Amino acid sequence: MTRSRRPSAQTTAVVLALAQTPTTWRYGYELCQQLDLKAGSVYPILMRLTDRGLLATSWETDAPAGRPPRHLYQLTGPGRALAAELAATAKPATTTSPAAGLVGLRPRREGA
Amino acid sequence: MKQTERRYEVGVSVAVMAVFAALWAIEFGLGAPPEVGYVASAVLVAMIAMPWVIAARLLWRAWWARSGAGRSTMDWPGWLLAAAIATLPDDRRDWGQAMTAELAQVQGRASRWWFAAGCARTAMFPPHSSRVPVGVVGALTAAAVVAAGLAVGHALPALRVFAVSFVALVGAMATLGVARSNRVGQAAPGVTITTAGVAGVAACIAVVAYLLVKHPTAGADLQPKGAVAFAAVLAGCLWLALSPPRGLTTHRLARRLGVGTALTLGVGLVLASRLALSEDLYVQGWLDPESGVSPYVIFAPVVIFFAASAVAAAVARSLRAGVQAAVWAALLGTLAVFVIGLLEAQHWYRTDARLLFDGEPGYPIGNNLADFIWVLVGIPFLGLPFGVIGAALGAKRRRRRSREFHDPGPQPDGHTTLL
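If you read the sequences in order, they're chains A and B.
Per numbering that gives the first Met the number 0, the first sequence starts with residue 0, numbered consecutively.
Per numbering that gives the first Met the number 0, the second sequence starts with residue 0, numbered consecutively.
In case anyone wonders, no lab produced these hints; they're calculated from the structure.
A few of these clues could be false.
Restraint-style ranges between C-beta atoms, simulated for each label pair [as the list claims (entries may be wrong)]:
{"hint": "1", "chain 1": "B", "residue 1": "VAL131", "chain 2": "A", "residue 2": "PRO63", "range": "38 to 46 Å"}
{"hint": "2", "chain 1": "B", "residue 1": "ASP89", "chain 2": "A", "residue 2": "GLY65", "range": "26 to 34 Å"}
{"hint": "3", "chain 1": "B", "residue 1": "VAL42", "chain 2": "A", "residue 2": "ARG66", "range": "49 to 57 Å"}
{"hint": "4", "chain 1": "B", "residue 1": "GLY189", "chain 2": "A", "residue 2": "GLN32", "range": "40 to 48 Å"}
{"hint": "5", "chain 1": "B", "residue 1": "ALA150", "chain 2": "A", "residue 2": "SER57", "range": "47 to 55 Å"}
{"hint": "6", "chain 1": "A", "residue 1": "GLN19", "chain 2": "B", "residue 2": "GLU8", "range": "32 to 40 Å"}
{"hint": "7", "chain 1": "A", "residue 1": "ALA64", "chain 2": "B", "residue 2": "LEU175", "range": "34 to 42 Å"}
{"hint": "8", "chain 1": "B", "residue 1": "GLY189", "chain 2": "A", "residue 2": "ALA64", "range": "48 to 56 Å"}
Since we're looking at a predicted model, the values are computed, not measured.
Note that CB positions come from ideal geometry on N, CA and C, so glycine has one too.
Pulled out of the complex, with its shape left as it was, chain B reads as follows (with noise of 0.2 Å):
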């Protein structure tokens, strides 16, 4: 068993390597070749992989000490329809059993295959009692594309790509949830989360479209690729505080603990952007005008994300509990950053002529939407996986002290006491 185990882990970790080499080969091999260097930008993004290894290998552990090890002797059409029920919507669930219960009387590897196969197709589409109300929402997602293009695209026409992508990929997910659960919105994350995810996905877009109001300059550094980058990240914010998977909405600590960490980073990017253009308090080459607030951008979301998890599961003393946090923290966190960053982005163009995030001289504000853009996707990329391993340092230092708590061991005079 605990070989399979270890057979399994590595396969997680090659798995997260290959997907970094993948990204790796397609910027690099499709784009321009590194400016460092093919070998020591292959370093780089091999570092950056590592904390995503560990994070993997960690989510991977716990999941198998759960359930997994139960599922040791799965064969693999048995895992794909265990994948596949794992989507199904709550008032489909007891369906997922029953086409599990009747997987294991199917015998003979093609007949396994083709039930598996049919049963995970039933469990990812499953099917809607009307398809009136599927048709209904489809009708109105391909009209709100056609009026939000021509809308935008008259008012502020540096914005209609991102518009119809948007409301192309809100309306998607809009049918997609319709039409695979009859009942709609079952898994709330809270209204606090709601709220706040929300307001903060209406206030990215108001700060761009203010942003490209004020300065109509700022419209050519919004390429299509970053528009549609910006609308899918949003529209996947819109989704988590909307209806996330049920497995992120079990502790409320985790909900709190995230919209706090989000306000710390929040207030932390006006403080350092402050702070580093100040003439007095800067600190050289962490907080300057010449580095921005990249320093503060890149490593704020890893100690931050890390605290809160850690301290969620140790509170929870539960290893979800701190994922949890740390996905809320990345979701309220990345928006806040994008919407202060904006802001604030103004406040140094008019001050010094800079861009916010690495303090580079001369070029056009419209620049800062851009860095910005990836910034949005760059938080959670940087931040989840030591969120993750706070995760499990808090949950396991919480266990061990509840079993010292429990069991201190026998005492010197031959006693057993507990504290």
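Only chain A is shown next, with the shape it has when bound in the complex (with noise of 0.2 Å):
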């Protein structure tokens, strides 16, 4: 696993969303509300994470009849310092604050 090349902003703000809660599993669609970012954005960045080994995944196992599982979402070790070496790098661009520094990494909102 070795990154290459700098994450998008996209990216980062999902890496950085996931890493503000790094115990708790997450959800896809959380995380485009919370972002504010299309599910077409999240989605393949939910994959890349997961190809690459930063990201953990598992399936709901307490959902309720009638509905299927969610799958849920976490950051590896490897993806926690990832989230750490992009808020660090983050962070003097913009304030102190983790909530601030996510709001300012936020990309652009997708037009359609």
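Take the two lone chains and join them into the complex the hints point to.
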């Protein structure tokens, strides 16, 4: 697992959002809402992060009857290391607040 | 539920009819008026469309019984996403489930549309772990297109449009395949189909090149439209032979029957051609020099595909097996008829100076090329719906026999026995 180039602003936003509560399993739609990103941006990022071993995935085990189990995401060790690195790089450009840092990294909203 | 099913079924029929109506309108609205008149041509098109309507309804019913009924409560965003994730490569299937599960949580019509559209885009073009292979294949494709254009344009100018189109299409499919999946060539149809399919495509190109070398004037009959159609059909055949959809690769029996059917169709064409030319054995109006082999090429696929699919479905107790047999028979049978047809056409030309397909005298040999390029499209077009109908009948008959075997019902003496 090697990173050859700096992640995009959207990837950075997703990684930092996941790093806010690193031990909590997160949902894809939840991330879309939190970052105000479209599913067409978030899911490719989640796929790439998973492919690179930066994200662990799991399936919801206690889904209510009649609803399919949801897919859950959490940063792995290398993912957290990347998040720390990205947060350190991002802070000087914005403020010291993690939330504000996230807003500062928030990418442009997709047109369609 | 029954009403919903019926409504969708009518919708499927209307959609198929609309496609044929559009084809009719394009052909005669933009081109020359039909020789037989607008009404008669419309009736003819409707007759050709009927087997497709029946086949589409049968497939729809089977799909609905298997998984469609559970989707009857789906809204349009749900359908959009379901259709898109059906195209996901194997190594991304779990992501399709993930997106479907997440859509169930999204509230509000607009939000559901946006979410489904974004997920559908991801499913259609899933990200690749590395863009290097895609770039390499794309660059190789571009180079191959240029090389094919230059080399074939120099050696055999009449084949240049075909060569460029074919290489471009195959390259585009390869690039798309590499871009969509981290693993290439996952759903192989088996060595026999792959070998026969690739060999068939190569043989088609070789026989056309041979014809053009031997009869350089035949190049005038390979118009750009026909050359592009020829390239598109062969590229499609190559795709089916190398990397078909998963749903076509599940029954070995279907593949064997597909190969057998293609052989039967090819051998039958040789026999039909030779019988038509023989003075003692030809059948007036069906197989004679004036009719050519057109009755065989039109009717044989219908009968043979129907029978092969019915047998496959009955033996495997599966509609899907029958449909697969029809698809493999269409793929390999079409290639076999094209190659054998063009070889036989030269025999006919030497013997009687007639065209093989319709027995017309006095036309240059190159007309055979144009005829058989359309045969390449026509055989699957005519035969496939009958293959589906045969598959449905085979599967139904087998199920009925199976039920009779297990439950023959009360006997006259009041006992129930197993046969």
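Hint check:
As the Cβ distance of VAL131 (chain B) to PRO63 (chain A) is approximately 44 Å, the hint placing it in 38 to 46 Å holds. The given range of 26 to 34 Å is respected by ASP89 (chain B) and GLY65 (chain A), whose C-beta atoms sit roughly 28 Å from each other. For the pair VAL42 (chain B) and ARG66 (chain A), the beta carbons lie near 51 Å from each other, so the given range of 49 to 57 Å is met. Checked against the hint of 40 to 48 Å, the C-beta distance between GLY189 (chain B) and GLN32 (chain A) comes to roughly 47 Å, which is consistent with it.
Between ALA150 (chain B) and SER57 (chain A) the beta carbon distance is about 54 Å. The supplied range of 47 to 55 Å therefore holds. Judged by the Cβ atoms, the range 32 to 40 Å given for GLN19 (chain A) and GLU8 (chain B) is violated: they are separated by roughly 50 Å. The given range of 34 to 42 Å is respected by ALA64 (chain A) and LEU175 (chain B), whose C-beta atoms sit roughly 40 Å from each other. Distance hint check: the CB atoms of GLY189 (chain B) and ALA64 (chain A) are about 41 Å apart, inconsistent with the given range 48 to 56 Å.
Violated hints, listed in ascending order, are 6 and 8; each of the other numbered hints is respected by the structure.
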